[in-house]
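J.: Start from the sequences, fold in the hints, and give me the full structure.
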Amino acid sequence: MSIATYTRRELMVVAAAREIRDGEVVFVGMRLPLLGFGLAKATHAPHAIGLFENGVIRDRPAEQFIYTMGDPPNIAGAIACLGLIDVMSLLQQGRVDVGFIGGAEIDPLGNLNTTRTRTRDGVVRLPGSGGAGDIASLAGRTVLIMEHEPRRFQPKVAYVTSPGHFPGRRRGGPATLITTLGVFDLQGGMFRVKTLHPGVSLQEVQAATGFALEAATNLATTQPPGDDELDFIRHADPEGFWTGDTMRS
Amino acid sequence: MSIATYTRRELMVVAAAREIRDGEVVFVGMRLPLLGFGLAKATHAPHAIGLFENGVIRDRPAEQFIYTMGDPPNIAGAIACLGLIDVMSLLQQGRVDVGFIGGAEIDPLGNLNTTRTRTRDGVVRLPGSGGAGDIASLAGRTVLIMEHEPRRFQPKVAYVTSPGHFPGRRRGGPATLITTLGVFDLQGGMFRVKTLHPGVSLQEVQAATGFALEAATNLATTQPPGDDELDFIRHADPEGFWTGDTMRS
Amino acid sequence: MAFDQLIGAGAVARVIAAWVGNVAGGSGYAFRRAFEHGIPRPLAMEDHSNFSVGLALKAAAMGVPYLPTFTGFGGDIVRDHPRIRQLADPFGGPDVLAVGALRPDVAIIHVQRADRQGNAHLWGNLGLTVEAAYAARRTIVTCEEIVPEEVIRSDPNRTVIPGFLVTAVVEEPGGALPSSVQGYWRRDFQPFLDYHRTSRTVDGLTAWLGQWVLEIPDRRTYLERLGPQARERLAVRDQRLAAAANFAP
Amino acid sequence: MAFDQLIGAGAVARVIAAWVGNVAGGSGYAFRRAFEHGIPRPLAMEDHSNFSVGLALKAAAMGVPYLPTFTGFGGDIVRDHPRIRQLADPFGGPDVLAVGALRPDVAIIHVQRADRQGNAHLWGNLGLTVEAAYAARRTIVTCEEIVPEEVIRSDPNRTVIPGFLVTAVVEEPGGALPSSVQGYWRRDFQPFLDYHRTSRTVDGLTAWLGQWVLEIPDRRTYLERLGPQARERLAVRDQRLAAAANFAP
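Residue numbers (the numbering used here), protein chains in the order written: chain H, 238 to 486; chain B, 238 to 486; chain A, 665 to 913; chain G, 665 to 913.
Simulated from the structure, these hints should not be mistaken for lab results. A few of these clues could be false.
Coverage of chain A stretches by chain H, computed from C-beta distances (three or more under 8 Å per stretch; other residues unrestricted) [said to hold, decoys possible]:
hint, region
1, 725-735
2, 822-833
Chain B is nowhere near these chain A residues, computed Cβ spacing over 10 Å in every case [what the hints assert, rightly or not]:
hint, residue
3, Ala677
4, Gly756
5, Ile772
6, Arg801
7, Val811
8, Glu813
9, Gly839
10, Arg861
11, Thr862
12, Thr870
13, Leu873
14, Gly874
15, Trp876
16, Leu878
17, Leu887
Cβ atoms here follow ideal geometry from the backbone N, Cα and C, with glycine treated the same way.
T.: Written as structure tokens, this is what we have:
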């Protein structure tokens, strides 16, 4: 299977799905993690449970495409539809195994910034934390998802919206980072290339990263999506709203 | 109408009803206050709202006799059936105008004891606070309901389950005490006879009270129940379970 | 009443509660004997109000060490309480009371229906049921009916606890008797009166425990022993259905 | 998106939020212009995570000055935050963060149905709706339908707010459009995309506000302007009814 047959975002969905173990309780986000959760359920993790920060708990993907987690198809057929405080309380209790978050900027400790940054033109305001800061603080582990661009990979993020590894952390922290170029191991405060996406060189990744990367000598390649996986993704996102080649945000 | 035509408990129900103003939010207990709430709704306070500590909110009495506030007839036809924390939160917010509580012992500051006391035979254990301590702490004002017996009226209660007036109180406190003998004004830390039930003398009340009472020189008599009021009560408690002449607890 | 029976059976070393008694009459005699005389064994007691014990469970459910409250000031419950501390308000307001988290080893909740995964629908009286179910280390759901999962998923807002928090699900119709279950069972009041009368003496309690607990192998026998017409007398036959709620997306 | 529109219209001096953007694409351009350049007026921003702003509302709903949490440690949101303080745990555990109460002047919630007293049934997505309704000084309920009071009373567990907390009730079918209402309206996604594109410039935003706000005298006109087939396209016609729940006593 050649790289032309799937998009990078489809590959990222597959990589996200692989981070979910069967039976786990997953704090699901929108976009790629949502597709990853559905894919994991359909393949190796049929017993995974998905929590959404608005209060929804599902054990199967929504029957129709959803733009937000509050859209009616995400409620219809849910196990439970509680309030935000209820699911955040479960997160705070330590009942959530893994959560997915994205960011506009990342640093070597896995700190994510989605609040505000500074460019040559001045301050740039971003939308803010949403639930990301909570998932970063309280989930058993987190999987981070990013566009891999030099300006996004900073030695120190301008603002820590979603805390990464820090001294005195009681629980969790970033475990894995999935980008448009590869998969990275962030456990325990490291930042190490784990696999490179097909056709991507280590030099390319390093050039797109604003700090020095660690890497194993014999780097594996990210396992490409299988046909079944692609079928699932394209059924779930038929217009490529999230997985097409043009990024929407 | 002679005193023989109604019981003391029926009179107490009527006195309790009169403590509810129209449109008020009332933390209702079981037994006499429950009947008083229904009576007030049926007469001068049609817009009163009743909260029960188990989470039930009603704007009309239950259609059938109930033994506990969780009994199905108290839920059927309720405005809302929430949880205990929800209604206690409304109480703590200051959204409740008046609450009713009973006690085994009372002292001149309106402190009530329903936890434990001491007799010649040793310690006597009582059931405990239930919601009474919360209503005493947090309601806009409280109306207390008691059997009037010397051993129950103590200079100092053995245990303060439901706090009365105390320095630094932020809100509320006992406003009125209704007993088997009369009605008392407890506002601002006083303890003054307001009305004596028909046929009861001040001497009799003082003899049944373990501390000195204040009283106006020209004491009024508690207004006896009218026929409509008695009709209501006897319809609501047809077997005299709560309002018969034999006390059940 | 259940508290009192467990205490009388010698199964309880420590009670954490706001109220221990019998809805039929007030006093719990076995509780009194244990507290006052150590019969059948000494009893440690942690007194609460309804709100404070509710907040203790809620704190555990939310995954925090305590919750602040204003209930209890001026009373003896909070004095030298092992789970309650007075704290300054960091925002400069009046002091609060911190109620420490209470995490039960096991919670047993009875609901109308659940699916095989333990996703449970409960309606009617809630009290502290949901808080207890979330707070406990293990939660057992007993239900009137195990239903197909589509029944639960038809109304996710009715789900009070998601199955991934549930250790075991038990189908046991009438499992809450002699207490009521909205839409399924009326309260059977006679057993409360009988127990109250019988449990006045140790001998009476022993006989009661023999007749109603030790000799009862299963729920069917219990229902039979309640009398030949028990089911007919107690089962709800009327229908007062909740207004339709459409979850179509 | 509503945040962004209010900001763009110059109606907002201060935002307290976890996320300000557009579900269609991320950035809220009016928010960015106000934050970055003070256009049309300077904007004070109090950043939160979803959980912390939820706890701030919940604290107000519970009537306490703050609620404790572990969310936010290690991140910049809680650093020098006007509403968040680090506190020692009085029970000797690790420090907590205290999130101060947030009491909105007004909350506006849209529900499926309410009676004339404001007792409101809501199902589907909850998020922080209930907390906001309880926390606010004044709460306005808008609804798809004003229903007879018996409809609300048929299912008291579905009542999310009792009418005595409600300042006003407004019957406004489609009042949440272009957002969805479970069982009544689908999300109309195009307006989110259109607004996102148009609001990129001040001129675009001004035109948009003219067309969609200032020239719209009522909701009927709004629905007409959405297009002749808007109602047909967006109104939910299917039925997926909640399983029956019997409230008969």
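J.: Which hint numbers does the structure go against, in order from smallest to largest?
T.: Violated hints: none at all, because every hint is consistent with the structure.
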